[in-house]
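Just so you know, we're using UniProt numbering here: the sequence shown kicks off at 1 and counts up by one.
By construction, these hints were calculated from the structure, which means they are not laboratory data.
Be a bit skeptical, because a hint or two may be false.
For each label pair, taking beta carbons as the anchor points, the in silico distance ranges come out as [unchecked claim]:
hint, residue 1, residue 2, range
1, L48, A16, 42 to 52 Å
2, H7, A39, 29 to 39 Å
3, T64, R25, 51 to 61 Å
4, N65, D29, 45 to 55 Å
5, E96, E43, 28 to 38 Å
6, A27, H7, 54 to 64 Å
Please read these numbers as outputs of a predicted model, since none were measured by experiment.
From the three backbone atoms N, C-alpha and C, an ideal C-beta is built for every residue, glycine too.
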Amino acid sequence: MSNPLVHAFFVGRAIAEVVNEQIERTATDWLSELGKFDAEQRENLRQLVEEALARAQQAEAAATNGRTSNSSASGGDDVQAELDDLRAEIARLRSEIKQYRSEANPS
Numbered sequence: 001m002s003n004p005l006v007h008a009f010f011v012g013r014a015i016a017e018v019v020n021e022q023i024e025r026t027a028t029d030w031l032s033e034l035g036k037f038d039a040e041q042r043e044n045l046r047q048l049v050e051e052a053l054a055r056a057q058q059a060e061a062a063a064t065n066g067r068t069s070n071s072s073a074s075g076g077d078d079v080q081a082e083l084d085d086l087r088a089e090i091a092r093l094r095s096e097i098k099q100y101r102s103e104a105n106p107s
C-alpha cells in the first residue's frame, strides 16, 4: 500500500461492484416474483373461466334435458295444448296491459 489514492480507488471500485451485484440480484428477484404473480393470476383466471363454462354447460344440459324429456314423453298433442295455453296467457297479459293503460290514463 504505497499510495493511499490507489488504495481508495480499488476500494471504491470494489464497493461499486458489490452494490451493482446487489442491485442486479434484487432486480432479478423482483422480476422473478412479478413473473410468478402474473403466471398465478393467469392460471386463476383460466380456472375461473373453465369453472364458469362447466357450470354453464351443466345448466344448459339440465335445461335442455328437461325440455326434451317433456316434449318427447308428451307427444304431438301436448304441443298443441301448450300452444293453446301460451295463446291464452298472451291474451290475458294483453288484457291486463290494456286495463293498466286505461287506469294510468283516465282521459
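These are the hints, each one checked on the structure:
A hinted range of 42 to 52 Å holds for the C-beta pair L48 and A16, which are about 48 Å apart. One distance hint, 29 to 39 Å for the beta-carbon pair H7 and A39, is violated here, with the actual separation near 48 Å. As the Cβ distance of T64 to R25 is approximately 58 Å, the hint placing it in 51 to 61 Å holds. Between N65 and D29 the CB atoms are about 53 Å apart, so this pair conforms to the stated range of 45 to 55 Å.
Range check, E96 to E43: Cβ separation about 52 Å, and the 28 to 38 Å hint is violated. The hinted window of 54 to 64 Å between A27 and H7 is violated, with their beta carbons roughly 31 Å apart.
Comparing the model with each earlier hint shows violations of hints 2, 5, 6; every other hint is respected.
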